[in-house]
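K.L.:
Now for the letters of each chain:
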Amino acid sequence: MALPPSQPPPASQGEAFFPSPAKRGRGQGWGQVLLRRDPLPLAALMAPAAVVFGAFFLLPMARLFVIGGSGAEGWAAYASILLNPRHLQSLVSTVLLSAGVTAVTLAVSTVTGLFLVRHRFPGRSVLVAMLTFPLAFPGVVIGFMVIMLAGRQGLIGDVTQALTGSKLVFAYSMAGLFLGYVYFSIPRVILTVMASAEKLDPSHEEAARSLGARPWQVVAHVILPALKPAFLSAGAICFATAMGAFGTAFTLATRIDVLPMTIYTEFTLQANIATAAALSFVLGAVTWAALATARSFAGSSVAAAG
Amino acid sequence: MTHRRGPAFWAQLTFTLLVCALLVVPVVLSMLAGVTVNYFVGIKSGLTLKWVDEVWRLYAETIGLSMQIAFACLACTLLLGVPAAYVLARKQGAVARAIEELLVMPVAVPGLATALALIVTYGGFGDFRRSWLFILAGHVLFTLPFMVRSVLAVLHSIDFATLEEGAASLGAGFIQRFVHVVLPNCLSGILAGSLMVLTLSMGEFNLTWLLHTPLTKTLPVGLADSYASMRLEIGSAYTLVFFVMIVPSLILLQILAGRGRPRSEQ
Amino acid sequence: MSGSFHLDAVPVRLRRCAKTFHGGVRALEPLDLDIRGGETVVFLGPSGCGKTTTLRILAGLERPDEGGRVFYGEDDVTALPIERRNVGMVFQSYALFPNMSVAENVAYGLRVRGVPKAERRERAEEMLAMMHIADLAGRRIDQLSGGQRQRVALARALVVRPRVLLLDEPLTALDAKLRDSLRLEIDRLLRALGITAIYVTHDQAEAMALGDRIVVMSKGRVAQVGTPREIYHRPADAFVADFIGTMNRLPAVAQDGRLLLGRGELPWSGPQGRIEVLVRPEDVALTASGGHVDARIAATVFLGDRTRVVAETADGLTLTVDAPGRTDLARGDAVSLGFDPARLLTLPE
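Chains A, B and C are the protein sequences, given in the same order.
For the first sequence, the positions run -8 to 297 when the numbering used here is used.
For the second sequence, the positions run 550 to 815 when the numbering used here is used.
For the third sequence, the positions run 423 to 771 when the numbering used here is used.
Keep in mind that a hint or two might mislead.
Using 25 Å as the maximum straight-line C-alpha spacing, the simulated SDA-like pairs for lysine to any residue come out as follows [to be verified]: (1) Lys190(A) <-> Ile707(B); (2) Lys539(C) <-> Pro733(B); (3) Lys158(A) <-> Ala777(B); (4) Lys599(B) <-> Val793(B); (5) Lys219(A) <-> Ala557(B); (6) Lys766(B) <-> Asp676(B); (7) Lys593(B) <-> Gly148(A); (8) Lys219(A) <-> Arg205(A); (9) Lys640(B) <-> Ala41(A).
The following label-pair restraints were derived from C-beta to C-beta distances [as the list claims (entries may be wrong)]: (10) Leu764(B) <-> Gly65(A): 34 to 42 Å; (11) Thr284(A) <-> Ala570(B): 32 to 40 Å; (12) Leu764(B) <-> Leu79(A): 37 to 45 Å.
These are calculated hints, taken from the structure and not from any lab test.
Glycine included, C-beta positions come from ideal geometry on N, C-alpha and C.
Could you build all of it, start to finish, from the sequences and the hints given here?
P.N.:
So this is what it looks like as structure tokens:
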């Protein structure tokens, strides 16, 4: 069995036997004997998850990949996402939508998150609770929330009707989807921003102020750069979720041209399983790659998205 | 960090309140709509529970099935995920990192893709395809990473290696160490993971929409159905039922997160 | 602190114990060591010297490289993991279980040994009383102060009547005052129990106070084994001389029964030629005149009980000298340094 590279003896004691082991958590102090021991019990503990995961994810994913190449077009199906104008169009609009959602969500959440971390006032905890409450809403419910706001009987429609005489309804379009994804992403991104802003060393900010930096300079030169890893990881999750989400679009309108809807249409209406398989495999690879890239840049683990 | 409350403070507060309103107003609207006689007319048409009643009549089965799947899913993720997290915490090599990366993939990969993969692989096994277990398989895949990550986070934060060495120095063997020391000390992670699993399974739609059959409709599937084909009040009442079901675990999650924070600051 | 509690004095032997970590890093060169029953041996050295590795090999948390052997009395325990060696171990971070109360922590070793509940409660209480923390029995670990945790950790390690007690920097996490008082207490406890104890520290004051013998380690090797006095007054090599206390190292020339120290001169019967002599600050006499070497004061540090003086001779030698606390000297004052040839050391080549 290969010994893991990152096995520092108690680092708190400073006994640096290893050049510079990549520290993960605080699993240090782990004796090699204890570690090398019990390979069997450890394997037994891992086995159930490995079997289930292999049978219900790895194997099906491999099968999906093969089926993607088994249609009329053969393996060329994998290129169709770029060559087929309809698919390419849908890919482009999905990417643009996701990028826009990510940018807007990051901006909104950073302002709110920083504000909530840097100020204490009565009612603050209630605000935090309300802002993070929709964290676990499923996409369909998010879609419905958009309808409540911007649908035919929505609030925005009523307000615009009263103010201008014409009813603004945009729920059942790309704009509605945009609003939905922003709604969905805000709680998670706020949580990430707040968590890492709370961990910032206040002495950095104090140092900047002692050097004469004004409040906006402190934010621009000290705080935002320090939050970069949080932006990267939160942004990646936001992007990946927007790329792959299905429920919101499904609730709003089947005609919205985003990749998940295209896949769904290929699969159900046109029974074009090979194309659907190829497209969804590519979509999966793209979102996974976005997360993996962000994680390798951010250093820390990019938490899983819902 | 206290700052003078200049115009910047009030501007940011206003912005934050607006964002808050964006998130909360539709929730309140939909809850109201669920108990309003006629939402088009407005609240003045009166309050009623008849839509909730109607939802119960039409969709009670979906609610029961969703609960059943959520708790079965919790049992599966506990049995699979907690031991796996422990192994991943103890092993720090490239293989362990790769396994962790793999385990998290069903969250990164869109549910649609996972569902298609399950269908093309197991769709031919008719009995399995038609049973609720087919949906359960998808939910377990999707929620497992949350359990694993949640337990791993606690394990990484508590120097369990030294605790285990302490137990070993007192004579405890592998199983005793796991049961007496490891499990009790990652309870908070197990609890947080469990709540997350329940909530997510209860609301899972991306996978479920493709995995379900007319006889295995879950709550979110029913929701989508009601949004598409029922009047707004029924969709709203149904959403209200859904909120009532997930709110307890969401609140518990927030309490848990709030309790975890001051302690870690010590 | 001990009452009637007394433990067996088991001798411990290490034979050819080396440790090579992953990647070929040698943490410990082959080591032979005999620890007598009931003896307290302190492993002392800077970070990375191999002292903790040695302790972990003794404990059974690490296994020595092929060929190394660990004996407890006549038993070869090399192949036994720590849980089957019947040791008591106090960890630097104490490793108290946060999910158990103080009493449950102390009783845990008895629990895994299958001791009936009533008996283990009784024995745990007895041990807590011995450590003067009986009133903490029901507390949670996070309600304890550092010093209290230390006592719980000791009680937990001792209640199983271990063959050997292993302590890994047990006082490092405490503040200086508490460290001093607990050091005295641990010293008394170890004497009273009569147990074989192995103690790792990087703090020489702790080592001096506690050790029957000290094993000074450096870069994976044993530099010297000896009583605290031997280590201090007869350092085996330059590393030990520099690491323990403060030592002046001066170049000198010895010839014809004289030792030339810069412009000073004194009688000498040690090795001849160009040599290096070592002298402790307290072994140099500081007078206004009439010593062997003239010097000027470069700096003084008032330490309360004494004044530490840095003196520079006309030849550019710098010496650290201890003078009584009330000495009133200022920078630039002229002084004379006197040496006793009997207190000048030389290192073996």
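K.L.:
Does each hint fit the structure? Answer for all of them.
P.N.:
Consistency of the hints with the structure:
1. Lys190(A) <-> Ile707(B): Holds, at about 18 Å.
2. Lys539(C) <-> Pro733(B): At roughly 20 Å apart (the allowed maximum being 25 Å), proline 733(B) and lysine 539(C) satisfy the hint.
3. Lys158(A) <-> Ala777(B): 22 Å, holds
4. Lys599(B) <-> Val793(B): 17 Å, holds
5. Lys219(A) <-> Ala557(B): Holds, at about 23 Å.
6. Lys766(B) <-> Asp676(B): 16 Å, holds
7. Lys593(B) <-> Gly148(A): 19 Å, holds
8. Lys219(A) <-> Arg205(A): With a Cα-Cα distance of about 21 Å, the restraint between lysine 219(A) and arginine 205(A) holds, given a limit of 25 Å.
9. Lys640(B) <-> Ala41(A): 15 Å, holds
10. Leu764(B) <-> Gly65(A): 34 to 42 Å: 37 Å, holds
11. Thr284(A) <-> Ala570(B): 32 to 40 Å: 35 Å, holds
12. Leu764(B) <-> Leu79(A): 37 to 45 Å: 39 Å, holds
The structure is consistent with each of the numbered hints, conforming to all of them.
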